[in-house]
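Quick note: the sequence shown uses this note's numbering, first residue 1, plus one each step.
Quick caveat, the hints were computed from the structure, so don't treat them as lab data. All values derive from a computational prediction rather than experimental measurement. There could be a bad hint or two in this list.
Just the calculated beta-carbon pair ranges, DEER-fashion [to be verified]:
1) Ser84 - Val11: 33 to 39 Å
2) Asp104 - Ile20: 37 to 43 Å
3) Ser84 - Arg28: 32 to 38 Å
4) Glu13 - Ser98: 37 to 43 Å
5) Ser37 - Pro89: 21 to 27 Å
6) Gly54 - Ala33: 18 to 24 Å
7) Leu93 - Gly69: 36 to 42 Å
8) Ile103 - Thr19: 36 to 42 Å
9) Thr19 - Ser55: 20 to 26 Å
For every residue, glycine included, the Cβ atom is placed at its ideal position computed from N, Cα and C.
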Amino acid sequence: MFFFFNDIIQVIELGGNPTIGDCAMIWRAAIKAPLPSAFLKILQTTHSLGYVFGSQLYDEIILLCLDLGELDAAIAIVADLETSGITVPDQTLDRVISARQMIDIAVNDVTS
Numbered sequence: 001m002f003f004f005f006n007d008i009i010q011v012i013e014l015g016g017n018p019t020i021g022d023c024a025m026i027w028r029a030a031i032k033a034p035l036p037s038a039f040l041k042i043l044q045t046t047h048s049l050g051y052v053f054g055s056q057l058y059d060e061i062i063l064l065c066l067d068l069g070e071l072d073a074a075i076a077i078v079a080d081l082e083t084s085g086i087t088v089p090d091q092t093l094d095r096v097i098s099a100r101q102m103i104d105i106a107v108n109d110v111t112s
């Protein structure tokens with residue numbers, strides 16, 4: 001997966017413009033891997049190219065991060081989407097907030 005992503009980065013650095021299909025291929029590979037650490041970078045790169053995918057893909061990525069226990073990645077992706085003007089559905093936001101609250105409660109229980 002990183003091989004393909006690095007190729008796309010090189011294409012951009014050389015002045016080329018990867019297609020939306022190229023970016024979709026990278027997304028599919030990252031989701032199958034799964035590589036939450038790469039999600040934000042891929043998101044930022046595809047948006048810098050002017051490509052926006054459907055909310056269903058973004059929801060899948062955010063929920064996958066939560067399922068993998070990668071709350072920080074989920075929060076970063078939500079923040080980036082909101083900054084880019086992409087609306088995150090309320091139910092997805094609720095799941096991220098709920099996951100964050102569960103961690104806060106667990107930390108408070110341990111420190112009490």
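Right, here's what the structure says about each hint:
At about 22 Å, the CB distance of Ser84 to Val11 disagrees with the hint of 33 to 39 Å. Distance hint check: the CB atoms of Asp104 and Ile20 are about 38 Å apart, consistent with the given range 37 to 43 Å. Range check, Ser84 to Arg28: about 21 Å between beta-carbon atoms, so the 32 to 38 Å window is missed. Restraint check, Glu13 to Ser98: a C-beta distance of roughly 40 Å satisfies the suggested window 37 to 43 Å.
The hinted range of 21 to 27 Å is satisfied by Ser37 and Pro89, whose Cβ atoms lie roughly 24 Å apart. One distance hint, 18 to 24 Å for the beta-carbon pair Gly54 and Ala33, holds here, with the actual separation near 21 Å. In this structure the supplied range 36 to 42 Å is violated for Leu93 paired with Gly69, their Cβ-Cβ distance being about 18 Å. Taking the beta carbon of each, Ile103 and Thr19 are about 39 Å apart, inside 36 to 42 Å as hinted.
The hinted range of 20 to 26 Å is satisfied by Thr19 and Ser55, whose Cβ atoms lie roughly 21 Å apart.
The structure fails to meet hints 1, 3, 7 from the earlier list, while all remaining hints are met.
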